[in-house]
Structures are given as C-alpha cells and as structure tokens.
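Participant: Please build the complete structure, drawing on both the sequences and the hints.
These protein sequence lines map, in sequence, to chains A and Y. Note that the numbering used here numbers the first sequence so that position 307 is 307, with each residue one more than the last. Note that the numbering used here numbers the second sequence so that position 55 is 55, with each residue one more than the last.
If you're looking for bench data, these hints aren't it; they were derived computationally from the structure. Built from N, CA and C at the ideal position, the CB exists for glycine as well. One thing to keep in mind: the hints can contain errors.
Beyond 10 angstroms from chain A on every Cβ pair, some chain Y residues (computed) [to be verified]:
| id | residue |
| --- | --- |
| 1 | 9 |
| 2 | 14 |
| 3 | 80 |
| 4 | 220 |
| 5 | 224 |
In silico EDC-like links for lysine to aspartate or glutamate, alpha-carbon gap of 20 angstroms or less [unchecked claim]:
| id | chain 1 | residue 1 | chain 2 | residue 2 |
| --- | --- | --- | --- | --- |
| 6 | A | 309 | A | 146 |
| 7 | Y | 24 | A | 271 |
| 8 | A | 323 | Y | 279 |
| 9 | Y | 25 | A | 271 |
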Amino acid sequence: MAEKIKERNEEMAVEEVKLTPEGAAVLELKHSTSHLIAKRRLVTLPQWATAWIVLIPAMIFLVFFMFYPIINTFFMAFVQDFRWVDGAGSFALGNFFSALGNTCAQMDKKTGECLITNSIPSFGFDNFVTVLSNQVFLKSILNTLELVIIEVPLTIIISLLIATFLNSIKALRGLYQTIFFLPYVTNTIALGLVFQMLFSSGQGGIINMVLSNFGRSPVNWISPYPTQFDGPASRFHQGVVIVVYSIWTGLAFKILVFMSGLATIDKQYYDAAKVDGSSSFTIWRRITLPLLSPQILYITITSFIGAFKMYTGVMSVYSSLNKGAYYFGGDHGEEWMPIVGWIYKQLDENYLYPGIAAAGSLVLLAIILVITALQFAVSKKRVHY
Amino acid sequence: MAEHAMYFADESARRRYIAINIVKKVFLYLFITIFALFMLTPFLFMIFASLVDATAFEQFTLFADFSKLGFENWTFSNYQAIFAKTYINNLGKEVARSSFAQYFLNTIIVAVSSTAVTVVTAVLAAFAFARLEFKGKNLLFALLLATMMIPGEMMVITNYQTTIQLDWKFTFSALIFVHGVSVFYIYYLRQTFQQIPNELYLAAKVDGVTDIGYLFKVMIPIAMPTIMTILILSLMGAWNSFIWPNLVANGNWLQGKGVKTNYDMRLVSNGLMSLFSSDIAKGQDAIKIAGSMVVTAPLFVFFIVFRKYIMRGVSRSGIKG
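Facilitator: Given below as structure tokens:
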C-alpha cells in the first residue's frame with residue numbers, strides 16, 4: 001500500500017509551477033495522470049446515482065409529510081361528506097380507493113358484521129359551500145383582514161422609521177440594534193402572558209396605571225368578565241392589545257432587514273444630495289425609499305402572508321383566561337378568531353370530518369395567492385432593482 | 001462627515017446650523033430611546049415580577065414602587081413552585097404534578113433530535129442540488145420552492161391523520177419526524193454551497209476524492225457558518241413550537257394508551273399554557289410570570305452567545321417557529 005502511494009505521488013509530482021498572465025497558478029505534472037483518474041472513475045459512482053442516494057433521507061420526509069399531505073388535503077376538500085375512519089386504510093386517499101371496492105368501512109372481525117357502512121364518496125364543492133356559509137368562518141376572514149390591514153402597514157412604517165434613524169446615529173447603534181432585535185428571540189406564549197399582565201386591570205397593569213394618572217378609570221382590555229370599574233372587554237380594546245402585541249413582535253425582523261438594506265446604499269448619493277442642499281426629508285423620500293424598495297417589497301409580501309397565517313399571537317393574548325388554545329375573546333371565543341384558529345379548531349374538535357378544515361385551508365391558500373399576485377402586480381411599477 | 005468642509009456666510013449662520021443639528025440629534029435619540037423602552041418594558045416587567053413573592057406582587061404597581069420593596073421581598077419561590085414535582089392542594093394533601101423539569105427534558109430531546117434530522121437531510125439534499133447533476137433536478141427544486149408558498153395548515157391536517165394512523169400520538173416520533181425536513185434550510189444551504197468555487201471540485205476530482213468525500217472534506221467545512229446558523233434557528237424553532245405539539249402531544253401517555261406511567265409529553269410552550277390553568281398558578285400571577293421567564297431565559301442565553309449567527313440567518317429569512 002505504502003509503495004503504491006509513493007508510486008502515485010511520484011507520478012503526480014509537480015515539476016514546475018507557472019503563473020499565467022492572469023496570475024493563476026498552473027501545475028505542470030511530471031507524467032500524465034489521466035490514466036490514474038480513469039482508473040478511479042471506474043470505482044466511483046456516477047453523479048446522478050450519488051445525487052439520488054443523498055436525496056433519499058430528505059425525499060422520505062418530503063414525500064410522507066409534505067407532498068402527500070398537500071395532495072391529500074386538496075383531495076379531501078373536494079370529497080362530499082368525507083368521513084375519516086380511525087382504522088385500516090384510513091389515509092384519505094386509501095380510504096377512497098377502498099371505498100370503491102367494498103361498501104363496508106369497518107367490519108366486526110369476529111362476526112363479520114358490518115359496523116360502519118361506506119358510501120362511495122362523490123366529488124363536489126359541498127365542503128366549500130359549508131365553509132363559506134359558516135358565519136364563524138366568514139367572521140374569522142373579516143377579523144384577519146381587519147388585523148392585517150391595521151397591523152402590517154403600521155409595523156412596516158414604524159420599522160422603516162426606526163431603521164433610518166438607527167442608520168443615522170453612530171453612538172450606541174449596536175446596543176439599540178440588539179434591543180430592537182430582542183423580541184424576535186422570545187416565546188410567543190410567554191410574552192403574550194406578559195402583555196396580558198401589562199394590560200390587566202389588576203396589579204401590574206402598567207397601562208391602566210398610566211391611564212389612571214390621567215384621571216381615566218381603568219379599562220378592561222381582555223377579559224370577557226366585567227371588572228370593578230368596567231364591563232366585559234370591548235372588541236376595540238381587545239383589538240388594541242392584539243395589534244400592539246403583534247407590532248411589538250413584528251418590528252424586530254423588519255428592522256433587521258431594513259438595516260441590512262440601508263447598509264448597501266452607496267454613501268455617494270447622500271453626499272451628492274447634501275451638496276445640492278436637499279433637506280433630510282427630501283433625501284429620505286428621493287434616495288432612501290427608492291433604493292430600499294426591494295427590501296420594502298420583500299417585507300410587505302412576507303408580512304402580509306405571515307399576518308394572514310396569524311394564530312399563536314392572537315391566542316396567546318387570551319392564554320391566561322384558561323379557555324384553551326382555541327379561545328379568541330368574547331362570549332364564544334370568536335371575537336377575534338383568525339382563519340388559522342378556525343381551521344385548527346375544526347381539525348381538533350372535528351377530526352373525523354377533515355374535509356371542512358381542508359376546504360378552509362384551501363380558502364386561506366387562495367387568499368394568500370391572490371394577495372401575493374396583487375402585490376407583485378403593483379410592485380412592477382414601483383420597485384427599483 | 002461633510003460638516004467640516006461646509007462654508008457659512010457668517011458666524012451666526014454657522015452657529016444656527018450647529019444648533020439645529022444638535023436639536024435634531026436630541027430628537028433622534030429621544031425617539032429611538034422611547035421605542036427601545038417600549039421594546040424592553042415587557043422583559044423588565046417579566047424579570048421583576050417573577051422575583052417577588054405573591055403578596056408583594058399584589059402590592060406591586062409600577063417599577064418605581066418596586067425599588068421601595070427592598071430585597072426582603074425578593075424570592076425564588078415562584079421558580080421553586082414550577083419546578084416542584086408535587087404540590088399541596090387546598091385540602092392539604094400532597095399531589096403529583098408535571099413539573100417544568102419534565103417539559104425541559106422533553107423539549108431538549110425533541111429539539112436536539114429534530115435539529116439533527118433536519119440538518120442531515122438539509123446538508124445532503126442541498127449538496128445534491130448545488131453540486132451534482134441529475135435528470136429532473138430543476139423540476140424537483142422548483143417543486144420544493146413551490147411548497148414554501150403553501151400554508152402549513154394544509155400539511156398539518158393530513159399529518160394529524162398520519163400521526164393517529166401510525167399510533168404516534170403522544171410520542172416523540174410525531175414531534176421529531178413530521179418536521180424532519182425544511183425546504184427553506186435546503187434552499188439556504190444550496191445558496192452557500194453554490195458560492196464554493198468550481199475549481200475546488202475539479203482539484204478534488206484530480207486527487208481522486210469521491211463526490212461524498214468532497215462534501216465532507218471541502219463543502220461542509222467551508223459552509224460551517226451557515227450550518228451553524230441553521231442549527232441554531234432550528235433549535236430555537238423547536239423550543240418555540242406550539243401548534244403541532246398542541247395537537248399531537250398535549251397531555252400524557254395515559255391519555256393516548258393504557259400505559260400506567262404518568263409521563264407528560266408536553267413541550268415548554270404547551271407546558272406553559274397548561275401551567276396557566278393549573279392549580280398552583282390559580283390566582284397567582286407571579287407564578288405564571290415565572291413560568292414565562294423560565295421559557296424565555298434559555299432563549300436569551302442562546303441569543304447572547306450566538307447573536308452573530310442568529311441575526312445573519314434571520315436577515316436572510318422570514319421564518320419563525
């Protein structure tokens with residue numbers, strides 16, 4: 001073995017190192033090594049084979065927990081009266097095919113009696129009709145829209161302001177940047193509780209403390225039960241807490257992205273504008289904003305998509321009322337229920353009939369696709385790359 | 001700055017310019033500081049409130065009052081309560097309860113193993129997409145990117161059925177494997193891998209290194225910072241995950257099977273939710289806050305140590321939880 005290596009090293013030994021005019025090093029080998037490489041090629045796998053081997057682990061997970069679920073959920077949404085049976089062949093697609101073959105979904109193994117008869121599912125838009133005529137679901141769409149329209153622009157504007165201001169200071173910039181990033185590395189539910197306490201009408205409710213300093217009586221912000229000073233929390237007050245909390249959690253990521261965008265803008269533009277005597281606002285309006293537009297587009301799209309999928313943020317604001325993970329304020333827990341909250345509630349409480357939840361999630365997908373397409377259409381005119 | 005090179009008509013104009021600049025700076029810092037306080041208040045509140053005993057919390061009004069309390073009211077009893085394995089109920093009997101130690105253990109097991117699975121699948125897949133040529137590569141990659149548009153709820157609905165079907169409810173398998181692959185991490189790593197110059201690959205080929213050997217000897221060492229970022233973000237994501245564990249592991253084995261051991265399968269976020277409604281925290285806001293603090297503190301330690309990796313990784317992504 002050692003001899004072989006020695007032999008090979010001698011064959012591969014570099015005779016001379018030359019530099020090309022461009023400065024790249026060229027090795028001149030004593031002997032041609034092509035036969036060595038050819039020998040090794042015989043034992044190594046072809047690239048495509050290696051590729052599929054290394055893709056196997058990822059593909060297993062992708063097929064079972066991503067591709068199949070997408071197809072399956074899509075399928076279930078269009079099956080009328082889909083009933084998911086907890087037993088053999090109960091994967092939705094398998095269920096469907098087995099139903100084609102026999103009419104018995106679940107048989108008593110001893111007596112051979114049919115426990116649950118299976119009607120062959122038929123396709124249609126039944127689930128969508130059910131979902132779209134469900135008052136709670138429609139309310140959840142309106143709730144989500146309302147929160148998105150208020151929260152997203154506010155968060156973007158504030159984070160844009162903070163980012164420009166941070167960019168124009170030198171001292172303590174690193175410290176402030178870290179402080180503004182802190183909310184990103186927190187647990188949504190833990191901080192949801194803290195916000196409940198800050199807004200509570202009992203002890204530790206700083207917001208009500210400030211209000212009473214101005215001579216106002218303490219407001220009941222969250223609880224559906226009347227307090228000493230106030231009735232059940234109004235829709236508006238609950239909405240304020242949700243929006244404040246989501247702005248607080250949302251700022252960190254946006255500031256970070258805007259800061260990294262600002263860092264790439266060439267200082268020459270600013271110097272030129274200063275020589276021209278432009279005011280700070282004109283500089284911001286005419287230079288910073290246009291040059292930051294790719295980041296603004298990116299943030300706008302991702303935050304709209306993210307905000308349409310809001311759930312934990314809203315839920316955690318009500319978490320210490322001990323009404324479970326599907327309570328969103330009000331008497332029936334539907335006051336500020338978001339779309340995703342409705343879907344999970346359906347899935348958890350009604351999991352034998354997943355067609356409804358599946359149809360709901362497809363409606364959500366449609367909304368997200370429409371919003372994204374709209375934003376791309378608008379951005380074509382406005383974004384400078 | 002360009003200030004020193006500016007010319008003014010007279011001394012008073014120069015002074016006015018400087019004065020305006022100072023006023024501007026003051027307002028700038030004032031604005032930023034106010035917002036920084038807005039960001040910090042919840043954290044300060046959480047730290048202070050978790051460290052006072054229940055009666056002191058009742059009297060607690062503002063931070064100003066807190067300083068007057070004095071150190072005799074400082075206590076770790078709230079923390080002791082949430083880590084205790086038993087508690088005395090209102091009948092005076094000692095009752096077993098799930099402690100946060102259990103939630104921590106569960107979460108660490110899930111976070112470490114799911115991160116290991118995610119990183120291994122992401123590195124191997126990203127290697128195939130970045131370095132190797134095979135039929136259908138572009139189509140498959142486009143398919144992967146397309147799934148990023150689809151809301152996770154669509155997958156959760158079927159994955160929930162799969163979990164029940166495989167008898168995975170209340171098991172670690174459900175928590176670890178269902179999120180065993182992340183399309184975003186594959187995409188992110190592929191970007192890094194593609195920046196490695198082709199010449200290295202050719203040189204390695206000349207040396208007779210196989211493709212797999214090249215991945216381990218060259219690509220992984222070069223892409224180590226990105227892999228670190230993925231590791232950290234994935235660990236943090238597992239720590240904060242709530243929705244999926246809430247569906248499949250919100251409770252203990254007893255609920256799922258006829259097993260005698262009362263083994264709580266909750267992760268920290270779900271444990272925190274259950275703490276809010278538990279007997280020990282009823283009407284005791286300080287204990288609830290201590291629970292929040294215990295869930296948040298490890299994240300902070302993590303953030304302080306790995307700030308660089310986290311901020312770089314996050315600025316390129318939009319993922320959370």
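Participant: Are there hints from earlier that the structure breaks, and if so, what are their numbers?
Facilitator: none
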